[in-house]
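Asker: Listed below, chain by chain, are the residues.
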Amino acid sequence: MIYSEILYSKKISNNLYEIATFFPQKPQPGQFVSLIIAGEKEIPLSITDYYEGILFLHVSPKIYDLIRDRKKILIKGPLGRPLKLTVSSILGIAYKDLLYDILYILREAKRKGINVKVRCIECNTKEFPKADDEKADLIIASVPKDMISSLPKEALVYVRWVKMNCMLGVCGVCEIKENLACIDGPLIKVSKIVD
Amino acid sequence: MIYSEILYSKKISNNLYEIATFFPQKPQPGQFVSLIIAGEKEIPLSITDYYEGILFLHVSPKIYDLIRDRKKILIKGPLGRPLKLTVSSILGIAYKDLLYDILYILREAKRKGINVKVRCIECNTKEFPKADDEKADLIIASVPKDMISSLPKEALVYVRWVKMNCMLGVCGVCEIKENLACIDGPLIKVSKIVD
Amino acid sequence: MINLAGIQFKDPIIISSGIVTLSKIQEVCKNYLPSAITTKTLTLKPLNPHDPPTLVKFHDKCYLNAIGLGNPGIDELKKINEEECKLIVSVGGSSIDEIMEVIKRVDRGEIIELNLSSPNRKGYGESLASYVYEVVKNVKGVTNKPVFVKLGPWDNIIESAGRAISAGADGLSLINTVKGMVIDVETFKKVMHYGTGGISGKCIHPLAVRIIHDVYKEYNVDIIGMGGVFSGIDAIELMSVGAKLIGLGTVIIDEGYSSIIRIRKEMEEYLKEKGLKYSDIIGVAVKK
Amino acid sequence: MINLAGIQFKDPIIISSGIVTLSKIQEVCKNYLPSAITTKTLTLKPLNPHDPPTLVKFHDKCYLNAIGLGNPGIDELKKINEEECKLIVSVGGSSIDEIMEVIKRVDRGEIIELNLSSPNRKGYGESLASYVYEVVKNVKGVTNKPVFVKLGPWDNIIESAGRAISAGADGLSLINTVKGMVIDVETFKKVMHYGTGGISGKCIHPLAVRIIHDVYKEYNVDIIGMGGVFSGIDAIELMSVGAKLIGLGTVIIDEGYSSIIRIRKEMEEYLKEKGLKYSDIIGVAVKK
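Sequences listed follow chains A, B, C and D, in order.
Under the numbering used here, the first residue of the first sequence is numbered 33, with each subsequent residue one higher.
Under the numbering used here, the first residue of the second sequence is numbered 33, with each subsequent residue one higher.
Under the numbering used here, the first residue of the third sequence is numbered 4, with each subsequent residue one higher.
Under the numbering used here, the first residue of the fourth sequence is numbered 4, with each subsequent residue one higher.
No lab work stands behind these hints, which were simulated from the structure alone.
Where is the CB? At the ideal position from N, CA and C, for every residue including glycine.
Among the clues, some could well be false.
Said to hold, decoys possible - In silico contact screen, one side only, chain A against chain C (beta carbon under 10 angstroms); selected entries:
1. 108
2. 199
3. 207
Kindly produce the complete structure, drawing on both the sequences and the hints.
Answerer: In structure tokens:
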């Protein structure tokens, strides 16, 4: 947990704010952080990018309201299971703004020279080429819960619909079919969590 | 305080053993370490060299006997005031084996391209050129207590004759004329400690 | 092999209470082979953990937690299948009656660990510490399993430990966390939702060493030692002052379950280098 | 300015007892401008420190010490000249009579700090903790200076603090170190010559926060806070739970006296950024 100084925050759309904040430890792709609101709550946040000590996050207007007047915020992490990007091609599947959940992974993969394609459902991205098929060494996705069953069984899906508490695997709150989203995830294989 | 693994120890002369021991933190020239003999004593030791994670010490047969059967020893430090080697010439003055007290400083200085000369009293060293005079930007010395008054007043002398206890400046045992040898030293200006 | 309360353990490394959730026990057991796993402290009815923040890191290898004994209730214990590693069932409650009721339902596990020391939920844990004699006495009447009592690093630890032992405890688990607090200086609010939390990890390790030393010296009793073990050396240290088994907790939070394998390896290397067995080490620094 | 027991301090940063040797006070005062310096605990006759090892680092920013109140005796106090920074005279002894005798000889300094909590010498410090009422009562009868009582992070801290206050203490210094132990696993001997030592530094910081919080909440008394302050944020944290002055100790051992300047700067930057004064902060996290 560190006091992280906010570099800037700005409105991206009606549903989304971007926050750039100083954070000394580079997260690994696949990890997340949490925002600590002292004495009140703790909110898991996906990472959209990390560049030279600056962590980029995208949050809802509701979360933005919690920190809009603050120069420093308490950030915990990096949390969760790092993904090994040792593949040669990655397909990203995302629904609308949920693309932000997997952006850091896709960006890190692209920087590593991995072939990255994206299928953005009801959305567009110019950052990555469009996927024509589902052929890839690794598929990562972030979609609403009710769309999971339509994903390939071997895809890793960003589990964002479970409640989290300790975020470090000991309280058991984020359990999903004997997996703990906070330490076994947030990316968990679809086959492990659908019936 | 760390468990430091002994790489080797060997007899150098009847009065001296060399110990090479793994130590992760590079000491700065002017600093020293201490050897902790659990529950019994703690012995300040001058540093004779440091190279790629290995600390070189020279000790008396009596100290060697304390650790001869050990694979690991407890080392505390680096301790003491670092010396800034921002001069262009250094003169080392040493009496016999006390040269080992200032060797690390002289060696680091030499590596930095500083002009190093040595006056070794009742001893010889081939490692550094002999000093013909006492002209130097910085004079460092290690001699027995009764020879200090013969040193130039501006010389820094390695205070090795005071008892030490905590080695970190709080117990007051190593006080010498309002200086604490462990944190103001071990190298202290001659003028500060002679009348 | 290590004999603790008449039970044989293959090596000293176990997992402390509060780390492994029930549904994970099987997987952790199989993949990391701890000698035993202690369950979360189980109460009669399920308890929700406190609301977050419940767990923060305040210094390198040091955490503050106030999960507050969140657990699925004793009736879930039966979902745990027979394991390759042994099970220590941690039990808690808000009264002697509740604890006895829970104990009666413990139908598996080698050892019962009574949690009378958690600082993180009023009415539970350390709130019952002053009744340690009565609790243990009653509990021993309703179970045949060995009963260990987990105590905190209290000023009266020698008396508390003595009461537990004279009431018939088979051993002690030492130490629980130390009550602390962290303030967010941006809002001047307590960071933990519960207000306070238990300090764990490397920060309390020398405290654990001292407490275990003092209790072992006084009573020469079987001890499960825990408190900031992050390395094989830390574990050996706790054994040398009297611990027979070593519980890992915070290191797993900090580093993951693979730390079990690392620490076990470090301990085995230590033994090999020194030509020692575990039995040579237990309590050796106290006798000297 | 901060008003503590009727005395004005230019800022909250002082140096805790046991750090500055008498002969260094003048130099440290002049070069680093702490608001006050607390002397080593002075006893009637000089005491030698325990034999080494007396001070070891066991974790990042965390130490174990057992100097054991080594000091040159109260009669050396007169060698301290008038200073630019204020003097807090720490006093100890092995009996109420000795302490009173020492107090009578305190001829300088703004405040007397009674050390009833050092864990590092039998018969002194915490050995007298149970007599806190009697000690304070007697001491108040023989001095006009404000008397602060330094207590440890004990389980009965609320009662101990209450006894000190009801006996007439002008304030409290919180907290002293926590008794710990380190074993050398190469020899199985206790590292410290004294056997145990007091844990200080970052490791006990959340414990200090909790103790100061609880005592301030209960008694709303003047508190000199100390315990693992390594940054301006740490200091602000202790002030927010009720400390008026902040003692630096372990950070000076770890980093040198220049840490005083760094921490003061960090605190001033914090105040400036937030548009706050020190008086806005004291106890603010307790009232909430």
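Asker: List, from low to high, the hint numbers that the structure doesn't satisfy.
Answerer: none
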